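S.K.: So you can see what is in the structure, the chains are spelled out below.
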Amino acid sequence: MRMMVAVLALAGAVWGCDAKATEAAPQEKKAEGSSYKATVKIDDV
Amino acid sequence: MLEARLRKLDGIQSAKVRGFDRESKFYFNLEISENKSVLPQAIRKMLEDLKTETKGDEDYPYNSMVITAITGKVEKSGDAWTFTARGSNQKYDLAATEALKKMVESGKSLLTVAGKVSDEQGKLRLEISDVKDPAN
Chain A
74 MRMMVAVLAL AGAVWGCDAK ATEAAPQEKK AEGSSYKATV KIDDV
Chain B
89 MLEARLRKLD GIQSAKVRGF DRESKFYFNL EISENKSVLP QAIRKMLEDL KTETKGDEDY
149 PYNSMVITAI TGKVEKSGDA WTFTARGSNQ KYDLAATEAL KKMVESGKSL LTVAGKVSDE
209 QGKLRLEISD VKDPAN
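Just so you know, the protein sequences line up as chains A and B, in that order.
In this note's numbering, each number is its position in the first sequence, counted from 1, plus 73.
In this note's numbering, each number is its position in the second sequence, counted from 1, plus 88.
There may be inaccurate statements among the hints.
Below, in silico cross-link-like pairs of lysine-lysine (BS3-like), each with a Cα-Cα straight-line distance of 25 Å or less [to be verified]:
1. B:K204 with A:K114
2. A:K110 with B:K133
3. B:K124 with B:K179
4. A:K114 with B:K211
5. A:K110 with B:K220
In short, the hints are calculated from the structure, not lab data.
All of these numbers come straight from a predicted model, not from anything done at the bench.
Working from the sequences, and respecting the hints, build out all of it.
M.R.: Given below as structure tokens:
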């Protein structure tokens with residue numbers, strides 16, 4: 074009985090880790106080209 | 089001070105001074121949302137407001153603006169070339185280069201370009217200095 078509980082607990086832990094790994098999947102990369110670049114020159118007096 | 093003011097302008101995601109040496113300190117690298125357009129007029133107004141608020145203590149004249157990479161559609165109508173920015177749909181008159189003309193003639197109209205922006209006499213103009221296929 075004790076052995077069976079241990080096996081079930083281990084299976085649960087593995088399943089939990091798997092679920093967490095799925096949740097932690099990398100977020101979708103921000104769409105490229107969502108911004109553009111410029112340089113502005115501002116003088117000093 | 090100027091970085092913070094630039095960041096407040098609508099559409100600017102980031103503004104960083106290029107460096108702190110004698111020459112670099114006058115240049116600010118901007119990252120601008122593609123669905124907005126930040127034009128020289130907006131920069132000049134920000135500088136005028138800053139001067140007014142500080143009673144003339146903070147007086148920084150606008151010098152120039154260069155777009156280093158923007159993607160959009162290039163079109164030719166008669167002898168006139170226009171660039172319509174992707175996202176914002178901001179239109180610029182183009183001073184087209186041979187490289188740009190060749191790319192359009194080869195069938196490419198969505199291009200990533202770089203160039204100086206001017207708005208003399210209310211005409212927004214982009215003087216192309218570089219052009220490339222956005223897929224590359």
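S.K.: Against each hint, give a clear statement of whether it holds in the structure.
M.R.: To see whether the hints hold, each was checked on the structure:
For the given pair, B:K204 sits about 11 Å from A:K114 by alpha-carbon distance, which is consistent with the 25 Å threshold. This hinted pair checks out: A:K110 and B:K133 have alpha carbons roughly 20 Å apart, not beyond 25 Å. At most 25 Å may separate the alpha-carbon atoms for a hinted pair to count; B:K124 and B:K179 meet this at roughly 12 Å. With a CA separation close to 20 Å, the supplied pair A:K114 and B:K211 stays within the 25 Å bound.
This hinted pair checks out: A:K110 and B:K220 have alpha carbons roughly 15 Å apart, not beyond 25 Å.
When the structure is compared with the earlier hints, no violation turns up for any of them.
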